[in-house]
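Model the full assembly from the supplied sequences, consistent with the hints where possible.
Sequence lines, in order, name chains C and B.
FYI, my numbering numbers position 115 of the first sequence as 324, with every residue one higher than the one before it.
FYI, my numbering numbers position 188 of the second sequence as 397, with every residue one higher than the one before it.
Accuracy of the hints is not assured; some may be wrong.
Chain copies aren't distinguished; within one or between two, either way the pair holds.
To be verified - Below, in silico cross-link-like pairs of lysine to aspartate or glutamate (EDC-like), each with a Cα-Cα straight-line distance of 16 Å or less:
#1 Lys358 - Asp293
#2 Lys358 - Glu297
#3 Lys358 - Glu280
#4 Lys358 - Glu402
#5 Lys358 - Asp440
#6 Lys358 - Asp244
#7 Lys358 - Glu431
Just so you know, the hints here were simulated from the structure itself, not pulled from any lab data.
Since we're looking at a predicted model, the values are computed, not measured.
There are 2 protein chains.
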Amino acid sequence: MQTLTVDVGHARYSVTIGPGLLARRDFFEHHVPGDGALIVSNPIVAALYLDPLRAGLAGRRIAECILPDGEQHKTLSSAALVFDALVENRLHRDATIFALGGGVVGDIAGFAAACYQRGIAFAQVPTTLLAQVDSSVGGKTGVNHPGGKNLIGAFHQPLVVVADTDTLLSLPDRELRAGLAEVIKYGCIRDPELFGWLERHIAEILARDAESLTHAIRRSCEIKAEVVALDEREQNIRAILNFGHTFGHAIEAATAYTRYLHGEAVALGMLMATDLSARLGLIDDDVTRRLRDLLSAAGLPTSTPRIGRDTAFGLMQMDKKVKAGAVRLVLLERLGSAVVGADYAADALAATLDEYFA
Amino acid sequence: MQTLTVDVGHARYSVTIGPGLLARRDFFEHHVPGDGALIVSNPIVAALYLDPLRAGLAGRRIAECILPDGEQHKTLSSAALVFDALVENRLHRDATIFALGGGVVGDIAGFAAACYQRGIAFAQVPTTLLAQVDSSVGGKTGVNHPGGKNLIGAFHQPLVVVADTDTLLSLPDRELRAGLAEVIKYGCIRDPELFGWLERHIAEILARDAESLTHAIRRSCEIKAEVVALDEREQNIRAILNFGHTFGHAIEAATAYTRYLHGEAVALGMLMATDLSARLGLIDDDVTRRLRDLLSAAGLPTSTPRIGRDTAFGLMQMDKKVKAGAVRLVLLERLGSAVVGADYAADALAATLDEYFA
Numbered sequence: 210m211q212t213l214t215v216d217v218g219h220a221r222y223s224v225t226i227g228p229g230l231l232a233r234r235d236f237f238e239h240h241v242p243g244d245g246a247l248i249v250s251n252p253i254v255a256a257l258y259l260d261p262l263r264a265g266l267a268g269r270r271i272a273e274c275i276l277p278d279g280e281q282h283k284t285l286s287s288a289a290l291v292f293d294a295l296v297e298n299r300l301h302r303d304a305t306i307f308a309l310g311g312g313v314v315g316d317i318a319g320f321a322a323a324c325y326q327r328g329i330a331f332a333q334v335p336t337t338l339l340a341q342v343d344s345s346v347g348g349k350t351g352v353n354h355p356g357g358k359n360l361i362g363a364f365h366q367p368l369v370v371v372a373d374t375d376t377l378l379s380l381p382d383r384e385l386r387a388g389l390a391e392v393i394k395y396g397c398i399r400d401p402e403l404f405g406w407l408e409r410h411i412a413e414i415l416a417r418d419a420e421s422l423t424h425a426i427r428r429s430c431e432i433k434a435e436v437v438a439l440d441e442r443e444q445n446i447r448a449i450l451n452f453g454h455t456f457g458h459a460i461e462a463a464t465a466y467t468r469y470l471h472g473e474a475v476a477l478g479m480l481m482a483t484d485l486s487a488r489l490g491l492i493d494d495d496v497t498r499r500l501r502d503l504l505s506a507a508g509l510p511t512s513t514p515r516i517g518r519d520t521a522f523g524l525m526q527m528d529k530k531v532k533a534g535a536v537r538l539v540l541l542e543r544l545g546s547a548v549v550g551a552d553y554a555a556d557a558l559a560a561t562l563d564e565y566f567a
Numbered sequence: 210m211q212t213l214t215v216d217v218g219h220a221r222y223s224v225t226i227g228p229g230l231l232a233r234r235d236f237f238e239h240h241v242p243g244d245g246a247l248i249v250s251n252p253i254v255a256a257l258y259l260d261p262l263r264a265g266l267a268g269r270r271i272a273e274c275i276l277p278d279g280e281q282h283k284t285l286s287s288a289a290l291v292f293d294a295l296v297e298n299r300l301h302r303d304a305t306i307f308a309l310g311g312g313v314v315g316d317i318a319g320f321a322a323a324c325y326q327r328g329i330a331f332a333q334v335p336t337t338l339l340a341q342v343d344s345s346v347g348g349k350t351g352v353n354h355p356g357g358k359n360l361i362g363a364f365h366q367p368l369v370v371v372a373d374t375d376t377l378l379s380l381p382d383r384e385l386r387a388g389l390a391e392v393i394k395y396g397c398i399r400d401p402e403l404f405g406w407l408e409r410h411i412a413e414i415l416a417r418d419a420e421s422l423t424h425a426i427r428r429s430c431e432i433k434a435e436v437v438a439l440d441e442r443e444q445n446i447r448a449i450l451n452f453g454h455t456f457g458h459a460i461e462a463a464t465a466y467t468r469y470l471h472g473e474a475v476a477l478g479m480l481m482a483t484d485l486s487a488r489l490g491l492i493d494d495d496v497t498r499r500l501r502d503l504l505s506a507a508g509l510p511t512s513t514p515r516i517g518r519d520t521a522f523g524l525m526q527m528d529k530k531v532k533a534g535a536v537r538l539v540l541l542e543r544l545g546s547a548v549v550g551a552d553y554a555a556d557a558l559a560a561t562l563d564e565y566f567a
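Structure follows, in structure tokens:
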């Protein structure tokens, strides 16, 4: 069991990573005060992990809200189901929501916690690698709108994050790999040592070696916590966490969010952002090659769908990070260091889009 | 034109009160930067004041979202209509929502602004006395749930509050009086001088004398701003603003939110809270008498519906201010000073409930 602290000034909370945490009643009694609890989950995760978590929360008044599974259900209507469950079970301001599941459950439950009675406590209990290394830390919550992902949301920091590595044992391979894309991202934008470590240990991680997974999750959460502490509301540096995401969102949108998992699209997006960084002379081609090799070794895609340059560019401009028309992108200035900006040569972007999408 | 400043630490904004503000383009250009604007209003207010506000915002890209009028439409579905309008009109993070209307419009529009892209700017342009002296200042936003009022919401401070006193000229008498209940409240909880001034000037206010109205609004906003600055998130002192509201909510709920306007129910609730304060020996009976006389002079109700003691007590316990079972109430310790607590004699509360509801 390893613990680190996230400190965003007005809120401070711990992220604990390790096996067998879900059923640890002593752990929850220490970290989460109060009596009323609503566990929000989905049918697949609930079937596997609701009982252990119920054991961890024994002695409390526990209610459940099981949401339909899948990104297509990350909607205001699902958040409304959580509100209904809170009201029906007479849970008040002093209640805590436990988000047991992946990023979709965490985002919806966190948003509902942010809004219910103008903000109640919530605990992130992520059960996917992606949620453990990314969405459960940092306080971004929200739901999708037909017009765009995460258009409706709130910044609401959790009371605690509990990443039980045992839950990864039931995770499908493809989802494990998609989560790894975000781990690789942290190496790219902030930590060349992590990148090198991943190059050397990718096989152990794919074999779900507990120690390797714990190290990868811990280091990812540390980096995310550092960046979020510097800039909770994404006024500036937090945007580097979107490395690969603007290209990735265009790929997801152009393929109707069905062909690629988020992490897979981000893998491709990182490759494109790295390619663009090299074209702009910021980094050597060697970095692109190393990234491509690592993504391949992790079982992630490295070949892009041919969605067309103009389609892609149009979708990138819809991205919510666009300010006054310019597409802001996260670029690498070396392996382990990212910059954000819109003052790159437009023809270099066009060349990257042609290379990968034409 | 009078201006005061609200400062809650992380946010600082001005409240400007006076005639003819809506159409003042220079004013809006100075206070609200940016290009994209969504005006949220209802059909009645829009018919009267959309054109003046459009003139004030001339030169911007303006979209409209006209919501159905009435508290019964203060729902998550109405907030969803605002999200739709923002997306359809391609308004992004740098857009501003203008809430043109009473408390319902302000609460919905403010909540939508809090959630859209995790928070965009919004300007409160209140057109009722109640909204000008109460809901537009302080950053509480939200919508109702079938299980309770304002159960879904956010703290989101406006960028600016613009109280155009000309808009009160079209306000129905009954709504003007209901707004006065909150002005009287500020006198009760925080300012005996304001209370005395109201006793002397109630006739001028009811005659809509511009100078008297401006004074009443300014002093109310000053007091609310002081209290909110001390305690934005209602951890302690802000709760005094709920003086009369716990009894009032029970009255509103027992009469299906149709018989009394909010301010009317608050007037009755204040009378009951004052009665209870006197029974507990905190204040003289003389205070109850002065309050009853002032409410009468303001044309507000002073006789309560006979909803029954047990019904009332049950409804009061549902109030979201209840923590661990105890009903916290705001009581007067003298005219102009309020305290919050749950450690009063239960038999005194029972006597007040009997006196007013049996």
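Now the hints, each set against the structure:
Taking CA atoms no more than 16 Å apart as the test, Lys358 paired with Asp293 passes between copies only; the shortest distance there is 13 Å, against 23 Å inside one copy. Proximity of Lys358 and Glu297 under a CA criterion of 16 Å is satisfied inter-copy only: 15 Å between copies versus 29 Å inside one chain copy. For a Cα distance limit of 16 Å, the shortest separation of Lys358 from Glu280 inside one copy, 10 Å, qualifies, whereas the shortest one across copies, 30 Å, does not. Taking the shortest Cα distances, Lys358 and Glu402 never come within 16 Å of each other, neither inside one copy (32 Å) nor across copies (53 Å).
In the homo-oligomer, the alpha carbons of Lys358 and Asp440 never lie at most 16 Å apart, since the shortest distance is 21 Å inside one protomer and 34 Å across protomers. For the identical chains of this complex, Lys358 and Asp244 are neighbours neither inside a copy (34 Å) nor across copies (24 Å), given an alpha-carbon limit of 16 Å. For the homomeric pair Lys358 and Glu431, neither the shortest alpha-carbon distance inside one copy (26 Å) nor that between copies (40 Å) is at most 16 Å.
The structure shown violates the earlier hints numbered 4, 5, 6, 7.
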